[in-house]
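Peer 1: What follows is each chain in one-letter form.
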Amino acid sequence: DAGVTQSPTHLIKTRGQQVTLRCSPKSGHDTVSWYQQALGQGPQFIFQYYEEEERQRGNFPDRFSGHQFPNYSSELNVNALLLGDSALYLCASSPLTGGLYEQYFGPGTRLTVT
Amino acid sequence: AQTVTQSQPEMSVQEAETVTLSCTYDTSESDYYLFWYKQPPSRQMILVIRQEAYKQQNATENRFSVNFQKAAKSFSLKISDSQLGDAAMYFCAYRSETSGTYKYIFGTGTRLKVLA
Numbered sequence: 003d004a005g006v007t008q009s010p011t012h013l014i015k016t017r018g019q020q021v022t023l024r025c026s027p028k029s030g031h032d033t034v035s036w037y038q039q040a041l042g043q044g045p046q047f048i049f050q051y052y053e054e055e056e057r058q059r060g061n062f063p064d065r066f067s068g069h070q071f072p073n074y075s076s077e078l079n080v081n082a083l084l085l086g087d088s089a090l091y092l093c094a095s096s097p098l099t100g101g102l103y104e105q106y107f108g109p110g111t112r113l114t115v116t
Numbered sequence: 003a004q005t006v007t008q009s010q011p012e013m014s015v016q017e018a019e020t021v022t023l024s025c026t027y028d029t030s031e032s033d034y035y036l037f038w039y040k041q042p043p044s045r046q047m048i049l050v051i052r053q054e055a056y057k058q059q060n061a062t063e064n065r066f067s068v069n070f071q072k073a074a075k076s077f078s079l080k081i082s083d084s085q086l087g088d089a090a091m092y093f094c095a096y097r098s099e100t101s102g103t104y105k106y107i108f109g110t111g112t113r114l115k116v117l118a
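Those sequence lines, one after another, are chains Z and C.
Using the working numbering, read the first sequence as starting at 3 and increasing by one per residue.
Using the working numbering, read the second sequence as starting at 3 and increasing by one per residue.
To be clear, the hints were calculated from the coordinates, so they are not data collected in a lab.
Glycine included, C-beta positions come from ideal geometry on N, C-alpha and C.
One or more hints might be untrue.
Said to hold, decoys possible - Computed footprint of chain C on chain Z, listed as stretches where at least three residues anywhere in the stretch have a Cβ under 8 Å from a Cβ of chain C: (1) 20-27; (2) 54-63; (3) 67-78.
Claimed, not checked - Between beta-carbon pairs, the in silico distance windows are: (4) C:56 with Z:72: 30 to 40 Å; (5) C:82 with Z:16: 40 to 50 Å; (6) Z:24 with C:58: 38 to 48 Å; (7) Z:13 with C:118: 31 to 41 Å; (8) C:83 with Z:17: 44 to 54 Å.
Taking the hints into account, I'd like the entire structure generated from these sequences.
Peer 2: Shown next as structure tokens:
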């Protein structure tokens, strides 16, 4: 049973560019959440997707957008990259209802903006 | 809004000894969930232990246990018989529910060093 997978592992982009990060949830999970973890900080909630819709959003600008596909996988898109967007981006999956209420995290994508 | 505070940026423990990591939180909700996650250098967040607020009994998972004080809004993690593999960042997290969805609010983490 594969856990949460993310791609790519590392990414280097230039200011102003756009980036797409990908996540495949754990088998049986239909809800995907994205977090940004700056160096030395705890993860910060970006948004959550369920049934291909954004259900909740954290305090992030509209430059951050996402998508969920019918197979529950998800993408995180960031436009007009800023230096401050450099961080580890974590994807977490869980069932929306039932389960034991914990999220399972992927290994993350390290984004560096130069 | 809920907040989670971890006041110990770094802790050290001798191998085989016991260490306690502190976490406090602020919420007006009466029913919620609290978690401790471990993040080793590999970056993968791993669930260590979970506590349901409605349960008075403190959760235990092998060498890991919590001291949950609901009135004080305190949720500390005790690691017994510390092992070298316990060295990692530890994050306390609060599960916040809004309109049928939820998010996790994390503290800033505590780096645990295990000394041989």
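Peer 1: So, against the hints stated earlier in the document, which numbers end up violated here?
Peer 2: 1 and 3
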